[in-house]
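Chains as they are written, first to last, in this note's numbering: chain E, 1 to 322; chain W, 1001 to 1322; chain R, 2001 to 2328; chain C, 3001 to 3328.
Any given hint could be a false lead.
Here are a few chain W residues that face chain R, going by a calculated C-beta distance under 7 Å [what the hints assert, rightly or not]:
no., residue
1, Thr1104
2, Ile1123
3, Pro1306
For the record, the hints were derived by calculation from the structure and aren't laboratory data. We put the CB at the ideal spot given by N, CA and C, even for glycine.
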Amino acid sequence: MAEIDRDKLLDIYTRTMKVNRTDEKFRELLMGGKVAVMYYCVRGQELVSAAAMAALEKDDYVVCTYRGQGEQTAKGIPMEKWWGECLGKATGTCKGKGGTMHITDPDTGIMVTTGVVGSGLPIANGLAMASQNNGDGRVTLVSFGDGAANIGGFHEAMNMAQLYKLPVIFLCQNNRYGEHTAYADHTDSPNIASRAAGYGMPGVTVDGNDVHQIYPAMVEAVARARRGEGPTLVEAMCYRMMGHFFGADFSYMPPEHIAEMKAEDPLPKLRQVMLEHQFTEEELDKVVADINAQIDAAVEHALNAPLPDTDEIYKDVLEETA
Amino acid sequence: MAEIDRDKLLDIYTRTMKVNRTDEKFRELLMGGKVAVMYYCVRGQELVSAAAMAALEKDDYVVCTYRGQGEQTAKGIPMEKWWGECLGKATGTCKGKGGTMHITDPDTGIMVTTGVVGSGLPIANGLAMASQNNGDGRVTLVSFGDGAANIGGFHEAMNMAQLYKLPVIFLCQNNRYGEHTAYADHTDSPNIASRAAGYGMPGVTVDGNDVHQIYPAMVEAVARARRGEGPTLVEAMCYRMMGHFFGADFSYMPPEHIAEMKAEDPLPKLRQVMLEHQFTEEELDKVVADINAQIDAAVEHALNAPLPDTDEIYKDVLEETA
Amino acid sequence: MAQITMTQALNLAIDEAMADDPGVFCLGEDVAAKQGGGVFKITSGLTEKYGPNRIRATPISETAIIGAAVGAALAGQRPIAEIMLMNFVGVCMDQIVNHAAKLRFMSGGQTPCPMVIRTTTGVGVGFGGQHSDMLEAWFAHVAGIHVVTPSNPADARGLMRASIDANDPVIFIENILCYGLKAEDPGPGYRVPLGKAAIAREGTDISLITYGRTVLDALAVADDLAKEGISVEVIDLRTIAPYDEATVLASVRKTGRAITLHEAVRPFGTGAEIAANIQEKCWDSLKGPVRRIGGTFSAVPFASHLEQAWIPQKSDMIAQIKASVGKL
Amino acid sequence: MAQITMTQALNLAIDEAMADDPGVFCLGEDVAAKQGGGVFKITSGLTEKYGPNRIRATPISETAIIGAAVGAALAGQRPIAEIMLMNFVGVCMDQIVNHAAKLRFMSGGQTPCPMVIRTTTGVGVGFGGQHSDMLEAWFAHVAGIHVVTPSNPADARGLMRASIDANDPVIFIENILCYGLKAEDPGPGYRVPLGKAAIAREGTDISLITYGRTVLDALAVADDLAKEGISVEVIDLRTIAPYDEATVLASVRKTGRAITLHEAVRPFGTGAEIAANIQEKCWDSLKGPVRRIGGTFSAVPFASHLEQAWIPQKSDMIAQIKASVGKL
Ligand SMILES: Cc1ncc(C[n+]2csc(CCOP(=O)(O)OP(=O)(O)O)c2C)c(N)n1
Ligand SMILES: Cc1ncc(C[n+]2csc(CCOP(=O)(O)OP(=O)(O)O)c2C)c(N)n1
Ligand SMILES: [Mg+2]
Ligand SMILES: [Mg+2]
């Protein structure tokens, strides 16, 4: 396995912590009753999103889900706009009309965030098809869960992407649960990546908590897509360390699972890798402190930002109402 | 490979010829302008349907498609009722309201014939689920095409069937075309059966023109389902020797394909097997002659049968209108 | 009598039907005990009683869920399929409309399809554009299905029981905001027949025809207006389609005025059918046009105050009623 | 001017748009040259001109087809996606309704979704229950899309061109029975603006509001009735939603009477919205209730005479018009 250079490691670490601190901050706000919105925690999946976004270029396209905070912040949506949207403010990416489940920010390539399970994959194909048609060299990455792999749209999209050799990367974040249903209760598939072969597509399963597995897998998939060789299914094994959404019960998770999940926490592991690569505790703490400061400022900005005008409900319906 | 006994061979031969003679008769009527309805020819796929139906018990359930003549007649729908339905008569299985694409005959286990590609698989699961729930020992067979394997419902149904170990057999009649689109233009899958592994399900590809391949494969799949071990995907390679429906152009088929298809015609091959098993030409001709006579009588009956009452359009909408 | 919530009412009705008929079973995402009995707990406790075959937690595969219900119904069972939120019918309309709704007709009456599709939705929960739509008009436009929605716990119990009894498919719509409503338990065996509306409040000046959550708004508005001397008759359709035309028309013939009200977007909504039918059948009794109130014609927005503004407003109901009765 | 069929008109409009804008491309089952240019030949000859990337024959995967169109539209292209027959929208409503229609709104205007979904349907072809439905009312009830249908070749050319120009999703409904219609070619660059109805025939006694194939019936009926001294104004909506309210209301204000007519089943059909709106907005001009004519409320039956009986009958149109104008 090729070494990841120090700059890239720092980049991944920074993105990972941005995702993590955003998640912690969101939970803190919700816990404190400061805001009351749907939020799908990403605790445990930070590294997967960070590594995936670190493997992309700035103008590559991304399609994500309600649990897309990781991709969104790691890809680089300006924090003020991101928080503005999540708090339903006029300053949000979507003027507060999309919300936590529907973040769109074309400037950073976040093209759709969808709340309908599995619906992002076919759309990702379309973005990739546009790139294939106009030769802009972009690739499209779509992130989805293990549960989403059971819906028809997954299948149709995989088959079509491979048929056309679309420049798309299917990133399945297998966090072992779809809402309350454990992996073994939603499929008999040995793993999701095994389904790729049935489409004639390469598929790999990697440990999403190990930067040396997830990042190279993403780089290879991106390179393959960029070379015009077609799509790859990358299954990143990870854990959803919280309930399905903030505040949701997760007593259905067996204790063994919880223990396993804690043992596999990507953050201490990544920190360890950073230390092994001669980053100092101080350097790493500084990264986090900077992020915290940025997040605090962004939250403050968003909390004080104006609400969208009420007549926004009549706008952006059709072009005539734009 | 286990030998097929002579009785079973004769049974398969009889069913095969029933399918074939029905198909020929239908084309003759359409060609002669005697009837003008949509009909999806099954020329080239007769043996697949016959072998599949021969592997089932009378009260097993079958779900088929618009191209379901083979399953329907081979399973044993009374010919008068079958022709009545196809000709839109009051004596038809569905009083002429369903038609060629929607033959239902619960008495012979033909539970649904659907015109929406791939929609039969999820329904087959439900029939099998009922059997699993009430322990009636039935199995359900659903037939569909290679093109149907690309639709979402295929995927969802395969995954669910395997998860619950439903007593269902997925029979993909891979006739190399979905309407005008050749296999290689609709998927990169090496073959459809290869998709089964991704669900943890057994899948086999067999020559649907060779009775010694298709029949044992069906028997094994049925036995497995009957034992409660779950579903099997059987892919029967075959050819659609006519256009998509009667009268449809098929000039898009390359000459090599047409040559290959003719060389693989299941009827002479099966006849050869019969002769090898000491059936005489006379015996076999007699089988066909009897079938022809039955079909002629049934067609005559259907042609002379009354039309459904016009107020049937208001009936059978809800129970209140039954 | 004991008080029950709508959640409990639905659970009781299903429990009772499952106890009475071994052919009744539930399937849907997260519905089994292992998952906590459904995200809204409607099937809570039922796995323990009836086992995993009769409370099947499914993969996220709505087409397979509805397809399985259709197949099981054809085989004589009475499945209750859950589509977690109404917008997700978008992935399985084919099974509902081209199959469940049509198989009785297309088979010439041989294969009725007795099944209930439970689903929930509602504006005001903060779920945003893809999780809040009221799509009953789509189903009402399809022959071969009943579309049912309760506005209170007693009706929920009675309508669910009747829906499970029905020998045709029923789309059973629950409003998330109504799950917590409490009312007297009508008790075991209670049924509210499909196709029968309730006069939720009698009145003489105008008929306000609605269903589901907005029945609560209608009643509140009627209360307010009573104080101003305007007598509003509130009709709770309970079955949206085929709806109780007789009750609606009789009411309008009495009051001479009508307004339809629903949370679904107004254009091409169910209110249009009801209004069109009323003006056609009650032309001579009408003192003015039938008015219609519905949700804003846009996706449901996320920001809370936008979402609240999107919903039909009580102030608008009052204004329209007053305009109708000529007291504005 | 040359005569063209509706098939040719559609082909010409698409061809022209593809020549003008490299971002326009087609995708759908069997649409490419290898498959003969689509089962109804609408895309015939285009692969040869524009290559396989711009005429993509797809697997049978409607969700992937519409999803791909959505994605490409978000990236600034103008996809034309074909759903071979309208009933198959049942498998991909989610992509159309929850995505294509909502992405402009949910993104706060950042990502409009300019795409055309071409589909065809029609009663009278012998296709039976799962291939003949007219489902325009479903789409009309959804904010964020245009629903368009031509009744003649010139409109087909002009509406298709305008639909491809539109910066929002358009559901473009073709009636199989209209493909063969012939009329004068309006020529290159011709556009019929979305949202503008045509007065297909002027009249003074009653407004008959319709669209698509039934425009032909309406015109025939108007001809017949003219002989009896009844003057019928026929309005061809062309865009079903959002429809040209101004033209409809002006006509009804003039005639004082209205009937809506469509092939889709009557209950909860588009005629309900139009009728409800007319009675609300033209109350004082109306001499009687707005009537509605639509298909029988059942699946479309197979047997030919049943199918014919299912369709709105000219005799019924005549009877209803006469009853409306008081000449029965
Ligand atoms: C089509 C559809 N069905 C059901 C849901 C409800 N739902 C939302 S998230 C979810 C679980 C998804 O699990 P997975 O794909 O593993 O993603 P994760 O939440 O674990 O990231 C479900 C069932 C939905 N949004 N869309
Ligand atoms: C969902 C859906 N999409 C498209 C069609 C139109 N259509 C009818 S048959 C067919 C081809 C099916 O091919 P295959 O599954 O291989 O079956 P075959 O006709 O070869 O038996 C198509 C595209 C349909 N009926 N349903
Ligand atoms: Mg998951
Ligand atoms: Mg085929």
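Which numbered hints fail = 3
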